[in-house]
Structures are given as structure tokens and as C-alpha cells.
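We have chain F already, so just place chain A on it with the hints.
Residue numbers (full-length UniProt numbering), protein chains in the order written: chain F, 1 to 397; chain A, 1 to 397.
Just so you know, not all the hints are guaranteed correct.
Copies of the same chain look alike in the list, so a pair counts if it works inside one copy or between any two.
As the list claims (entries may be wrong) - Keeping only pairs whose Cα atoms sit at most 30 Å apart, straight-line, the calculated DSS-like set for lysine-lysine is:
| id | residue 1 | residue 2 |
| --- | --- | --- |
| 1 | K28 | K47 |
| 2 | K29 | K163 |
| 3 | K59 | K75 |
| 4 | K291 | K82 |
| 5 | K47 | K59 |
| 6 | K291 | K59 |
| 7 | K18 | K29 |
| 8 | K59 | K82 |
| 9 | K194 | K59 |
| 10 | K59 | K396 |
| 11 | K29 | K291 |
| 12 | K59 | K27 |
| 13 | K163 | K18 |
| 14 | K75 | K27 |
| 15 | K75 | K28 |
| 16 | K59 | K381 |
Keep in mind that the hints were calculated from the coordinates and are not lab data.
2 protein chains.
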Amino acid sequence: MPNISQRGQAMPPSPIRKLVPYAEAAKKKGITVYHLNIGQPDIETPKPVLDAVRQSEFKILEYSHSAGNESYRRKLTGYYAKFDITVDHTEIIVTTGGSEAILFGFMACLNPGDEVIIPEPFYANYNGFAVEANVNVVPVTSYIDNGFALPPIGEFEKLITPKTRAILICNPNNPTGYLYSRAEMEVLKEICLKHNLFLFSDEAYREFCYDGENISALNLTGMDNHVVVFDTISKRYSACGGRIGAVVTHNREILDSVMKFAQARLSPPSFAQIAAEAAVDLPDDYFDGIKAEYQARRDLLVELLNRIPGVFCPNPGGAFYAIARLPIDNADKFCQWLLESFSHEGQTVMLAPATGFYATAGLGRQEVRLAYVLNRESIAKAMETLAKALEVYPGKA
Amino acid sequence: MPNISQRGQAMPPSPIRKLVPYAEAAKKKGITVYHLNIGQPDIETPKPVLDAVRQSEFKILEYSHSAGNESYRRKLTGYYAKFDITVDHTEIIVTTGGSEAILFGFMACLNPGDEVIIPEPFYANYNGFAVEANVNVVPVTSYIDNGFALPPIGEFEKLITPKTRAILICNPNNPTGYLYSRAEMEVLKEICLKHNLFLFSDEAYREFCYDGENISALNLTGMDNHVVVFDTISKRYSACGGRIGAVVTHNREILDSVMKFAQARLSPPSFAQIAAEAAVDLPDDYFDGIKAEYQARRDLLVELLNRIPGVFCPNPGGAFYAIARLPIDNADKFCQWLLESFSHEGQTVMLAPATGFYATAGLGRQEVRLAYVLNRESIAKAMETLAKALEVYPGKA
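Okay, chain F solo, but in the shape it has when bound (with noise of 0.2 Å):
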């Protein structure tokens, strides 16, 4: 039998989902789990999007243009531009969600062997994209205690090799919920002037910002060869099944070479590409009301959170994650526990241990990340949930 690949084997299994196995257990068990697990937001997907896909007319599926539709893609130039981001409709590739479009500026812009710096805790899939470009990731640690703020540059510059070729961040974060302020993106410019680095900027929640502006990598001036922005429409409009992103540059050279990438698998899909369309064209106003669920629910979570004794909470600007210290030995062994032996009036809170953040080894051994992807109610109960838990769980610290 031939062995497969030594890549194949060092690709990382999705640390978020290894838990799974015990919440369907539990369910089981009659338990209801609130999941704060994962990024699937609750909110439904806005129904102009649904009913252009539903009511659309044409009778042959057929491919789009690699780079994708090109309504689509003009459209989207306005999109950008209510945000001070001047770019052509040349200037975006549309990619099957935001996770291709970080296999694409990947393998477009590093070498094997290359290397990307990225703040820690991380999204967990830079790790597997890595491994399938053959780049090596570069831990810069942020800590809980600040919130999460981005290193000083002395941090960077201290990981700097001949093999650095990028940064990369996430805007508002995924996992802390971090917002980075203008000083900060200004810092990473400098050290991606000095050193000749890329700057690619993940910017998969840009609408939701609840303390201060967001500042995309594309608003930075002087940088139009190094950043490339990874884009997605799967939270901004709960349309995480669609499968449709963007790689975002002005970088002609990675243009070219990522339409290289695109034309190999031919087009992003089809079906999706008339919802995103759709969606360029809600009402400005659609963000309010989504933006005041998500600021009240993280709100309540980070009040109760902090409430519970020994946990520590910093407050996210952003996104929909937020990252709480508890007092525990574990993360690991306690959100396994959470599933596999407590439960208070029936319930239980299913949560991700965020040592799957980290690259560092040991780090966020007594951090989780929470996604506030329920409403107030049950937010309230998972966190009335999480504080009886820690009363009882054995491996209190």
C-alpha cells in the first residue's frame, strides 16, 4: 500500500471540531449545548440575498469568469468605496470563500519554506493553508492582558529572518475580537516598508467594528504593492455557505498571478456569485440592526463573564469572538469535560480551548474563545451555565 504524503499527514485536523464527538454524545444524553463554539452566526441570511438565487431565471449552470462575474465584481467596487477604498473591478478576484482566497495570496507570495509572521491566537486554518503552500507559520504573541493588542514592533523585528515575507492579520480579529487602531496599523506598515514584507490583512468582519474605526489594510497609503486583502461575504451577511470571497490587491503582479490560481479550478460558484451580488445591494442600513445585536450580546457576554469568579474577560472591538481567561488547569480537558460530564438543569455549554489558537506550545492552556453567535437568552443561560460549572469542576485552578 502506498503511504501518503508527509504533508498530508502533518496537516493539522480542525482543533474547533475535535470536540464534536462529545457534544453529539451529550445531545444524546437528552443535554442541550449551547454552542459558543463555532463562527456560524445565528443571523438569518437577509432574504433579498436568498431570493435572487431563488427567483433567478437562467437555464444552464454554467461556469463564470475565473476571476468571477464581472457585474459582481464592478458592484463590489462601490462596496469597497464606502469604506475609502478606491479599487477597479480588476483589482478583486473572487474566490470560493475567504479560505481560498488565503491559499491563493499564499501561494501566490511565498515560497516554500518562506516565512509569515501572525499574531497570537490565530485562526486555526492559517495553520492547514500554510501547510499547503509549504510555508512556515511565525508566532508573534499578544497577550489577554492587553486585550490582545497588537506586539510592539520590537517583537516583530526580533522574528525577522531573510526568510520573512509576510504578515498577517486578522481585522477585526478571529479569535479575541481585537479591533487594531490606526497607530497600530500604522506600526505594521512601517515594519512592512523596512523590511520589504507583504501585509495581508483577513478582513472577513469589517462591519463589525462596535468601539472605534476600522482601518482596512487598503486605507494605508504607500502600500499598494504589499497588501493583499482576504475578503469573504460569509459573516458579513450570514452567507457562510455561499462559499464566496475576494482576494483584494493592487499589486498587478499578484493579480496575474493569482488569475493563474483562479483559472486552474476554473470559476468560484455560480449560485452563490447572484446572492453576493444581491447583497452589494441592501440598504445601508441593513448593518444597524445586525451590528446592535451582536454590540448588545457581546456586551452581556463580557458583563457576565466577568462576573463569574476568577474569569477575566478582556472587551473585544470587534468581531464576534471574544477570548476569557477562566480558572482552570485545562482548557482542553475542561471544555471536554463541559461535554462529557457536567451539565446543570440539563444544559451545557460546548466552547473552543483556545490553545488551538496558538502556535506557541503551552499557550491558552486557561483561555477559551466564546462566539456570541446565540441571542441574549441563551447567552445568558450558557453563561449562567459556565459560572455553575466552574464552581464544580475538579480541575480548578
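Relative to the frame of chain F, chain A by itself:
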């Protein structure tokens, strides 16, 4: 400005699409262009397939399971059973088009620097996926004079090195239309078992076999750990834009590995999975009409081609492609000339130069690929136009 990657530079542009600007220019001049150059069928997507999406009633466009909806995978086992392929739903991982199936197969099975032997001419995008996976394609040449039959076992064995890890076939073949016989499939089995190689089998055109039987690689006995099938609904149901494919294998290690790649990109497109599931429920006679139509087109195309002085086109047993040898100096020049400098009664033809399907430099210079994705009337007119063009082409050989 940072340099893009060597991989980004090495990535081949689509050889099929490079003539597009010339076609666009011809159309601007008012010339009708018969598109025989691409594999986008003109057959309508079955109405129940599109209706399943249009009549869907969910409210949130959620991520699906990373391996694809279980309901769809379970139904697919019944589809495969019709071809005497026994798989359970855990042996199927739904991918974003056949494209992603190929990429995942390469990534999971092959290390950087490994070699995969592919009979040439072959589907040009295999080159792109090989670059992405840092794998080397080693061509074994098949010849138009025997209709592109499988090269003799000795030709494969000459190419096998310690780096050889797999053979990749497309059956029935794109671009040749060749349908591998049972004897040829047994030869492939023998080589793979003897040299401990994976057998990758791209079976995108499984339904479209006109002469003789379609033998899936999954029908080979004793090859459970060697065979990986790349599948897609694109051609089968004229649903290219859905972007739904599958990796199918009995090899558990490959399945576990592919699953990790699938988790990194979260899920295949949700809308099109609904379409794909509905497609499995189409009545068995759905393909009868489609096959009869393609076969009638093939018969017409091949007959008309062989009537043109100096043209030779073997009769392809499957898919919807044919390769013809023309009395010309250079297929790339000729195909460009057809668009740039020729028209007959306001019409011209767009063909794919076969050079783009050969990895060996210099091969295919007198050959073109024709996709019979137009109705018979258009095919007849296109062949008349081609005959006229060959009368006046200045580079006649």
C-alpha cells in the same frame, strides 16, 4: 516591492483561454464565432436540479459538513452502485468541483518533488494543480494514429523512478475522447500494484460512453488502497457552475487526510449541494437523450472532419471531445489566424490548439481539440467554415 513567489510565476496560464481576446475582437467585427474550444456544454441543466435550489426554504445559508451533506453522500452511494461501485458514504468527500478533488488528491498523496505519470495529451489544468502541490508531471505520450490508446506498459516502465508515486488517467478522456478498455485498465492495475503506485482516475465524463463499456478504476479488484477517483457533477448534469465534485476512495488514510484539507476550507458550496442531491434523483433514462444527442454530434463531427482533405480525426469512444490532425504548420498560429484573419460568410471557428495538452515540447503542433458542445446545425456550419479556412490558410502543410 516584494517579489511574488516562484510558484506564482511558474503557474501556467490557461492555454485554452489565451485566444479569448482574439475571439472577442472577431465578435466586435461582427463575425459569428463557433465555440468548439471549451467544455461548457450547451445542454440545459435538468429543471428538477435547478428547481431544487429555487424551491429551497432554509433561512440561513450555513456551512455544510466539511465532507459535504451526509444526505447527499448517502444518496451518492446509490448512484455509484449503478456502476457496480460499492462505496459507503464515509468513502466520499464532497469537493468544490472536480478541481478541488484533484488538488486534494495530489496534496494528500504526493510529496513535493514526487512524480505523477500522465498519458499526454492531458487536461491542461493538471499542470496547475501539480505546481500548487509542488509535484512533477511526467508525460507518457499517446498517439493520434491509434486513437490515443493507452501507451504500452513498457513505455510507462521506462519512466518509473524512485520518485514516481502515481499514475493519473482521465477516462473517458479529456482532451482525446478515448475510452480505456477493460484490458487497458488491467494493465494500469498491474503497473500500480507492481510499483506500488496510486491510480488517480478522473471520471468526469463517466456517463458519456458511446462505444464500449466504462470501467471505473473503482471496479478494479485488489486496488482498494491504490485507487482515488476524482468526480464531478459539472459535465454529467451540465452543472459546471455549481462547483460540486468528490474524492472517492476506499483508502482510509487518504480519506482521513483529505478530510483535513476539507476542514481547512470549511465546506463545499451549500446551494449547489442541494442541486447535486436532486440530480441523483433524476430518472435513469435522463442520460439516454443526452447521450444520444452527444453521440449524434460526435458522429457528425468526426465524419465531416475526415471528409476535409488532409484532416484525420479518430473516432473517440466517450466524453465530448475529439482531437483532429490538420494539414497545418502550427496549431497555435492557425487557431489565432482563424479568429484574427479569417471569416467565411461572416463566420469563423474557435478551436483549442492541442499543444496546450501535451507536456512534451513540440508535440501537438498539427492537432486541435474540438468540443462538440454545439448543436448539429452549428457543428455542420463550423466544419464547413473550417474546410474553407484550410483551403486558404497560408501556413498549409
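Cross-check of the supplied hints:
1. In the homo-oligomer, the alpha carbons of K28 and K47 never lie at most 30 Å apart, since the shortest distance is 33 Å inside one protomer and 39 Å across protomers.
2. Proximity of K29 to K163 under the C-alpha cut-off of 30 Å is found in neither arrangement, the shortest distances being 51 Å within a copy and 51 Å between copies.
3. For the identical chains of this complex, K59 and K75 are neighbours both inside a copy (24 Å) and across copies (25 Å), given an alpha-carbon limit of 30 Å.
4. Taking identical chains as interchangeable, the C-alpha atoms of K291 and K82 lie at most 30 Å apart only when both belong to the same chain, with a minimum of 17 Å there against 50 Å between chains.
5. Proximity of K47 to K59 under the C-alpha cut-off of 30 Å is found in both arrangements, the shortest distances being 23 Å within a copy and 8 Å between copies.
6. Taking the closest pair of Cα atoms, K291 and K59 come within 30 Å of each other only across two copies (19 Å); inside a single copy the shortest separation is 38 Å, beyond that limit.
7. For the homomeric pair K18 and K29, the shortest alpha-carbon distance inside one copy (19 Å) is at most 30 Å, but the shortest distance between copies (59 Å) is not.
8. In the homo-oligomer, the alpha carbons of K59 and K82 lie at most 30 Å apart only across protomers (28 Å), although the nearest pairing inside one protomer, at 35 Å, exceeds that limit.
9. Taking the closest pair of Cα atoms, K194 and K59 never come within 30 Å of each other, the shortest separation being 53 Å inside a single copy and 48 Å across copies.
10. For the homomeric pair K59 and K396, neither the shortest alpha-carbon distance inside one copy (61 Å) nor that between copies (41 Å) is at most 30 Å.
11. Taking the shortest alpha-carbon separations for K29 and K291, neither the intra-copy value of 36 Å nor the inter-copy value of 51 Å comes in at or below 30 Å.
12. When the C-alpha separation of K59 and K27 is checked against a cutoff of 30 Å, the pair qualifies only between copies, where the shortest distance is 23 Å, while the shortest distance within a copy is 43 Å.
13. In the homo-oligomer, the alpha carbons of K163 and K18 never lie at most 30 Å apart, since the shortest distance is 33 Å inside one protomer and 35 Å across protomers.
14. Taking the shortest Cα distances, K75 and K27 sit within 30 Å of each other only across copies (26 Å), while inside one copy they are farther apart (44 Å).
15. Only between protomers do K75 and K28 lie at most 30 Å apart by alpha-carbon distance; the minimum there is 25 Å, versus 47 Å within a single protomer.
16. Within a single copy, K59 and K381 get their C-alpha atoms only as close as 48 Å, which misses the 30 Å cut-off; across copies the closest is 25 Å, which meets it.
Checked against the numbered hints above, the structure violates hints 1, 2, 9, 10, 11, 13; every other hint is satisfied.
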